[in-house]
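What follows is each chain in one-letter form.
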Amino acid sequence: MTKIVTENLHLHYGENHALRGINLNILTNKITALIGPSGCGKSTYLKTLNRMNDNVPNVKISGQVLLDSEDIYGGTVDVTKLRKKVGMVFQSPNPFPMSIYDNAAYGLRIHGVKKRLLIDEIVERSLRGAAIWDEVKDRLKTPALALSGGQQQRLCIARTLAVSPEVILMDEPTSALDPISTMKIEELMSELTKQYTVVIVTHNMQQAARISDYTAFFLLGEMIEYDETNRIFAAPKNPRTENYITGRFG
Amino acid sequence: MNRAMSGITGKRKRPADALLYLVIGLFTAAVFAMTMYFAGYIFVKGCAGITFALLTTAPNPIIRTIGILPAIINTAYIILLTLVFAVPIGVGGAVYINEYANKRKLIRVIEFTTETLSGIPSIIFGVFGYVFFCVFLNLKVSLIAGALTLTIMVLPTIIRTAQEALKAVPLSYREGAAGLGASKWYMIRTILLPNASSGIITAVILSVGRIVGESAALLLVAGGSAMYLPKGSFFEQIKNSGSTLAVELYRYAYSRGENEVGFAIAALLLIIVIGLNLSVKLIGKRLKGGAK
Ligand SMILES: Nc1ncnc2c1ncn2[C@@H]1O[C@H](COP(=O)(O)OP(=O)(O)OP(=O)(O)O)[C@@H](O)[C@H]1O
Ligand SMILES: [Mg+2]
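Protein chains in written order, with the working numbering: chain A, 1 to 250; chain B, 1 to 292.
These are computed hints drawn from the structure, not numbers from a lab. Misleading hints may appear alongside valid ones.
Under the rule of at most 27 Å between Cα atoms (straight-line distance), these lysine-lysine pairs were calculated in the DSS-like manner [to be verified]:
{"id": "1", "chain 1": "A", "residue 1": "K85", "chain 2": "B", "residue 2": "K184"}
{"id": "2", "chain 1": "B", "residue 1": "K184", "chain 2": "A", "residue 2": "K81"}
{"id": "3", "chain 1": "A", "residue 1": "K47", "chain 2": "A", "residue 2": "K60"}
{"id": "4", "chain 1": "A", "residue 1": "K60", "chain 2": "B", "residue 2": "K184"}
{"id": "5", "chain 1": "A", "residue 1": "K60", "chain 2": "A", "residue 2": "K84"}
{"id": "6", "chain 1": "B", "residue 1": "K167", "chain 2": "B", "residue 2": "K105"}
{"id": "7", "chain 1": "A", "residue 1": "K114", "chain 2": "B", "residue 2": "K184"}
{"id": "8", "chain 1": "A", "residue 1": "K30", "chain 2": "A", "residue 2": "K85"}
{"id": "9", "chain 1": "A", "residue 1": "K47", "chain 2": "A", "residue 2": "K81"}
{"id": "10", "chain 1": "A", "residue 1": "K114", "chain 2": "A", "residue 2": "K81"}
{"id": "11", "chain 1": "B", "residue 1": "K285", "chain 2": "A", "residue 2": "K141"}
{"id": "12", "chain 1": "B", "residue 1": "K184", "chain 2": "A", "residue 2": "K115"}
{"id": "13", "chain 1": "A", "residue 1": "K60", "chain 2": "B", "residue 2": "K105"}
{"id": "14", "chain 1": "B", "residue 1": "K184", "chain 2": "A", "residue 2": "K84"}
{"id": "15", "chain 1": "A", "residue 1": "K47", "chain 2": "B", "residue 2": "K184"}
{"id": "16", "chain 1": "A", "residue 1": "K141", "chain 2": "B", "residue 2": "K184"}
{"id": "17", "chain 1": "A", "residue 1": "K30", "chain 2": "A", "residue 2": "K81"}
{"id": "18", "chain 1": "A", "residue 1": "K237", "chain 2": "A", "residue 2": "K30"}
{"id": "19", "chain 1": "B", "residue 1": "K167", "chain 2": "A", "residue 2": "K47"}
In isolation and in its complexed conformation, chain A is listed as follows:
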């Protein structure tokens, strides 16, 4: 099943043609990894999937992004609802300077959930879902910024889970973390695919190979190759993909 269809997607930052006709399908309940050298447009592409580029000055977007066959750049789309469906986890952990509980509840409150008991319940479920409940259950009211980087990132994942998204976008979610925290988040990701569709940007080839089902290789604003992860890594069809994953450039 296809969750997101991208058709001939172009994006310009002013004069900079950052995405050059991307065609890519993201499959439901799979992890899709985006790899490619720095500046090739991975983050830019990821952000077009929940319209985080909208506020960038001078940005021009053409082509189509269909989420469940619905054009997310269509005139009647409510960006708030779109971002509830398509959540995002950022490169460096960015919990808000408030309590752990309030962080996890932030999205719920945006979307108008008021009932105390319901919020309590969802906060606990999301923190469990992000494998951080046991570490924080006794200090939910303490500041989130006092957590370690790895815990903060899992809290950010919990914050995203709380609004029950269908797709989770992750932009190098472990690049700021130590190996053990990274491992925890990787384990968590395979857990997540039971319910969610995950798109992850990573610079770490082993990570892409370990966790993802599908991999797309980007280069200079183009999507060069897309396939099942084990095929991309075992037998890439395009020599540029091969050069990149064998470390010959990038």
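Chain A is fixed; fit chain B with the ligands onto it per the hints.
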């Protein structure tokens, strides 16, 4: 190059350095001593004059007693009123400039204006306030005209400080909120303003200091006497003229030569201003502790 010079150790104290330190030290000590002497002098002469009767009565020409309660009330009213005008406009303006205005030119014009305003001598605001508020808007010489004039005077500080505080809120918080679907206004309410609140409070306190200390402009637009206690409600009283503590000080010190009262008011103002500055320091400290 000489070998001893190329290392990072072996820094020698040069005689010129020592001399410079000495001169700077002496100047610092002199300035500090003068400030302390000045403050001490006012305290010693003034505190004796701060009596309960002075603080709690109005002047009575018949039995020839002097009280500054009306001036204290006027000061409180003007502070309150000025903040009621200046804080929403100032913070709202800062939010607008920072978060909504995307025309660089407009931002630069506003920033230039606010900076210029903050450098203008207060008497010019007084003249403007008199012409515009008292005469043109027909508010007469009144507390409300004073508060409006002061609003214009403190706005630049509030806007600039609030803007700095807003700028200091990390981009990642905004992104995080946007990523969860927060509208801009929701993000401003729940993330930006709470995080900028210490900075905004600091701006407000500094503004109160400015209001308390202002005399020239207020003498023109709000009036130069504080003889009677307010008879009506707050809203009636602010239509009347009245002088604040600083204006009273000016009058007592100059026109009447009532030195005792003058020093008492001076000491009182000094205490207020020092108190305000200490609270700014405390907030700054809490901010640093909290940002950890
Ligand atoms: N907000 C922006 N405004 C203008 N140009 C941008 C913006 N964000 C990215 N770009 C440009 O778009 C191109 C693609 O950037 P992008 O961040 O998508 O790369 P990336 O593949 O994520 O790189 P990295 O691996 O370093 O994160 C780059 O040339 C970059 O300079
Ligand atoms: Mg990137």
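Here's how the hints hold up against the structure:
1. Restraint check: the Cα-Cα separation between K85(A) and K184(B) comes to about 18 Å, which is no more than 27 Å; the hinted pair holds.
2. At roughly 14 Å between alpha-carbon atoms, K184(B) and K81(A) fall within 27 Å of each other, so this suggested pair holds.
3. For the proposed pair K47(A) and K60(A), the alpha carbon gap of about 13 Å is at most 27 Å, so the pair holds.
4. Among the hinted pairs, K60(A) with K184(B) is consistent with the structure: their alpha-carbon atoms are about 21 Å apart, no more than 27 Å.
5. A hinted pair counts as satisfied when its Cα atoms are at most 27 Å apart, and K60(A) with K84(A) qualifies at roughly 23 Å.
6. In summary, the hint linking K167(B) to K105(B) is supported, as the alpha carbons are separated by about 18 Å, within the 27 Å threshold.
7. Annotation: proposed proximity of K114(A) to K184(B) holds, straight-line Cα distance about 20 Å (limit 27 Å).
8. For a cut-off of 27 Å, the pair hint linking K30(A) to K85(A) stands: about 16 Å separates their Cα positions.
9. For the suggested pair K47(A) and K81(A), the alpha carbons sit about 15 Å apart, so the restraint of at most 27 Å is met.
10. Straight-line distance between C-alpha atoms of K114(A) and K81(A) comes to about 17 Å, which keeps the hinted pair within the 27 Å bound.
11. A distance of roughly 23 Å separates the Cα atoms of K285(B) and K141(A); the hinted pair therefore holds under the 27 Å criterion.
12. A distance of roughly 24 Å separates the Cα atoms of K184(B) and K115(A); the hinted pair therefore holds under the 27 Å criterion.
13. A hinted pair counts as satisfied when its Cα atoms are at most 27 Å apart, and K60(A) with K105(B) qualifies at roughly 23 Å.
14. For the hint pairing K184(B) with K84(A), the CA-to-CA distance comes to about 15 Å; that is within 27 Å, so the pair holds.
15. For the hint linking K47(A) to K184(B), the alpha-carbon distance of about 17 Å falls within 27 Å, and the restraint holds.
16. About 26 Å separates the Cα atoms of K141(A) and K184(B), which keeps this hinted pair within 27 Å; it holds.
17. In summary, the hint linking K30(A) to K81(A) is supported, as the alpha carbons are separated by about 22 Å, within the 27 Å threshold.
18. Taken as a hint, the K237(A) and K30(A) pair is honoured in the structure, with Cα atoms around 22 Å apart against an allowance of 27 Å.
19. For the proposed pair K167(B) and K47(A), the alpha carbon gap of about 23 Å is at most 27 Å, so the pair holds.
Every hint, counting from the list given before, is met by this structure.
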